[in-house]
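Engineer: Based on the sequences and whatever the hints tell you, model everything.
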Amino acid sequence: MRFTFTVQGSAFAAALLFCATAASAQVPRMGAHPDLTGIWQGGSTTPGPWEEANGGSGVGGTGRNPNAPAVLSSNDRPAGREGAPYQDWAAKKVLESFNKRGIDDPTAQCLPGGIPRSVTLGLFPQQFVQTPTQVVMLYEYMNVFRVIPFASKHPDDILPSYMGNAIGRWDGDTLVVDSIGFNDKTWLAGTGTFHSEDLHIVERFTRVSKDRINYEVTMEDPKVLTKPWKLTSSLMLREGTHLDEYICAENNLDPGRYEQLLKAGVKITR
Amino acid sequence: MLALILVALLHHSFGAEYDVNSPITLTGTLTAIEWTNPHTHFYLDVKDASGKVVNWKFEGYNPSVLIRTGWKRNVTMKVGDTITVFGWRARDGGNWAHSREITLPDGKKMFFGPPAGTGDGGAQPAVEVK
Chain F
5 MRFTFTVQGS
15 AFAAALLFCA
25 TAASAQVPRM
35 GAHPDLTGIW
45 QGGSTTPGPW
55 EEANGGSGVG
65 GTGRNPNAPA
75 VLSSNDRPAG
85 REGAPYQDWA
95 AKKVLESFNK
105 RGIDDPTAQC
115 LPGGIPRSVT
125 LGLFPQQFVQ
135 TPTQVVMLYE
145 YMNVFRVIPF
155 ASKHPDDILP
165 SYMGNAIGRW
175 DGDTLVVDSI
185 GFNDKTWLAG
195 TGTFHSEDLH
205 IVERFTRVSK
215 DRINYEVTME
225 DPKVLTKPWK
235 LTSSLMLREG
245 THLDEYICAE
255 NNLDPGRYEQ
265 LLKAGVKITR
Chain X
73 MLALILVALL
83 HHSFGAEYDV
93 NSPITLTGTL
103 TAIEWTNPHT
113 HFYLDVKDAS
123 GKVVNWKFEG
133 YNPSVLIRTG
143 WKRNVTMKVG
153 DTITVFGWRA
163 RDGGNWAHSR
173 EITLPDGKKM
183 FFGPPAGTGD
193 GGAQPAVEVK
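So the protein lines, in turn, are chains F and X. Convert by adding 4 to the 1-based position in the first sequence; the result is the number in this note's numbering. Convert by adding 72 to the 1-based position in the second sequence; the result is the number in this note's numbering.
Heads up, some of the hints might be wrong.
[Claimed, not checked] Calculated pairs, BS3-like style, for lysine-lysine (alpha carbon to alpha carbon, straight line, at most 27 Å):
1) F/Lys-227 x F/Lys-96
2) X/Lys-129 x F/Lys-271
3) X/Lys-129 x F/Lys-267
4) F/Lys-267 x F/Lys-97
5) X/Lys-180 x X/Lys-144
6) X/Lys-124 x X/Lys-144
[Stated by the list, open to error] DEER-style ranges, computed between Cβ atoms:
7) X/Val-126 x F/Pro-153: 53 to 61 Å
8) F/Ile-162 x X/Asn-127: 48 to 56 Å
9) X/Val-147 x F/Ala-36: 42 to 50 Å
10) X/Gly-179 x F/Leu-163: 49 to 57 Å
11) F/Lys-96 x X/Thr-101: 45 to 53 Å
12) X/Asp-178 x F/Asn-69: 15 to 23 Å
13) F/Ile-162 x X/Val-92: 39 to 47 Å
14) X/Lys-119 x F/Lys-234: 31 to 39 Å
15) F/Asn-71 x X/Thr-156: 47 to 55 Å
16) F/Val-206 x X/Val-126: 50 to 58 Å
17) F/Pro-70 x X/Arg-145: 22 to 30 Å
These aren't lab readings, by the way, just hints derived from the structure by calculation. The beta-carbon is built from N, C-alpha and C at its ideal position, and this holds for glycine as well.
Structural biologist: Written as structure tokens, this is what we have:
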């Protein structure tokens, strides 16, 4: 009996090991490291081609599969998520934006989404191009990019920017991206989640299977946060999708409409 | 503080411009489609109760989102088509609205815009309210 159990246990362990090995074996590699090259969709856990994987009734879904998980807006705070650790004065400012229904959202002015917002959003694809010396991340949303060299040190002459200055390194099979040099004109994750130029972000990209990258981000900003703010999400491979041009300034009517409605005395706040 | 975030993104706030309490369904003739960023727009000639034709403007997703969810530019719906649109009216009560679902001439229904409330902060702020 005991023998049988052991055999079954061993078989089970072997099967588990086989599954784990099979999954990691499917992860394409470049030299000693995983290759993250591909077109990805943030904020999703559903594998498959874009249209098929986005069958729900939420933002960007076709509604053809009502049982599919709804993808929330990046302006929303998902149910169950803890409050962001803002200092009291800063939390009040975040709340003000929420009460103004986010009309002060930098992206409403067609400004870049910043980090981690550009990574975690699901409505638009992003493309990673990896070489032995760098990873290039291209974001359809707002037509922005990050060139991330494998380096041990940030340059000395960083100008504050929307997407920050990023350097990459490998921690085992995880790509670790360290970013500083942000301006203070983006939101992190949710309506009003502002930050200062002291923002420091560490992102961990782990390709756990051919289809999926687990994403973990830690945001530090001693000027506005009380402690590091950590979030996790995932990116799903979208074979057959390509990045399109997104020129937001082409026909951006929203700031004008906000102004027009406010001038007309229409209540648009909560 | 470790939590799964499932997020999409819309360019602007639904709630600032449109009224979730003013849903509207209109049938009319498509007079123009603008395939522009950050939003598409289309225009519909709709007869009001007195028989007068009023041109309505509707906003939708940006072009690439529509293409990725099955729309074909100037094929799926064309100027001259009779379509029915469900959406929500602008807060100022004008003849413009946020489109959600379109019923095409063959009866097929497709989403042209996101759900109500997208981009305006959701049900709960990102911080705890004290």
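Engineer: If a hint holds in the structure, say so; if it does not, say that too.
Structural biologist: Quick rundown of the hints versus the structure:
Of the pairs offered as hints, the one joining F/Lys-227 and F/Lys-96 holds, with about 14 Å between alpha carbons and a cut-off of 27 Å not exceeded. Proximity of X/Lys-129 to F/Lys-271 is assessed by CA-CA distance (about 21 Å); at most 27 Å being required, the pair is judged to hold. Pair hint X/Lys-129 plus F/Lys-267 holds up; C-alpha atoms about 21 Å apart against a cutoff of 27 Å. Restraint check for F/Lys-267 and F/Lys-97: the C-alpha separation of about 23 Å stays at or below 27 Å, so the hint holds.
In summary, the hint linking X/Lys-180 to X/Lys-144 is supported, as the alpha carbons are separated by about 14 Å, within the 27 Å threshold. Annotation: proposed proximity of X/Lys-124 to X/Lys-144 is violated, straight-line Cα distance about 32 Å (limit 27 Å). Checked against the hint of 53 to 61 Å, the C-beta distance between X/Val-126 and F/Pro-153 comes to roughly 57 Å, which is consistent with it. Separation of F/Ile-162 from X/Asn-127 is about 51 Å and conforms to the stated range, judged on CB atoms against 48 to 56 Å.
Remark: the range hint 42 to 50 Å for X/Val-147 to F/Ala-36 is upheld by a beta-carbon distance near 48 Å. Checked against the given bound of 49 to 57 Å, the beta carbons of X/Gly-179 and F/Leu-163, roughly 55 Å apart, stay inside it. For the pair F/Lys-96 and X/Thr-101, the beta carbons lie near 50 Å from each other, so the given range of 45 to 53 Å is met. Taking 15 to 23 Å as the suggested C-beta distance range, the pair X/Asp-178 and F/Asn-69 conforms, at roughly 21 Å.
F/Ile-162 and X/Val-92 have their C-beta atoms about 43 Å apart, which keeps the hinted 39 to 47 Å range intact. Judged by the Cβ atoms, the range 31 to 39 Å given for X/Lys-119 and F/Lys-234 is violated: they are separated by roughly 56 Å. Between F/Asn-71 and X/Thr-156 the C-beta distance comes to about 25 Å, which lies outside the given range of 47 to 55 Å. Remark: the range hint 50 to 58 Å for F/Val-206 to X/Val-126 is upheld by a beta-carbon distance near 55 Å.
In this structure the supplied range 22 to 30 Å holds for F/Pro-70 paired with X/Arg-145, their Cβ-Cβ distance being about 26 Å.
The earlier numbered hints that this structure contradicts are 6, 14 and 15.
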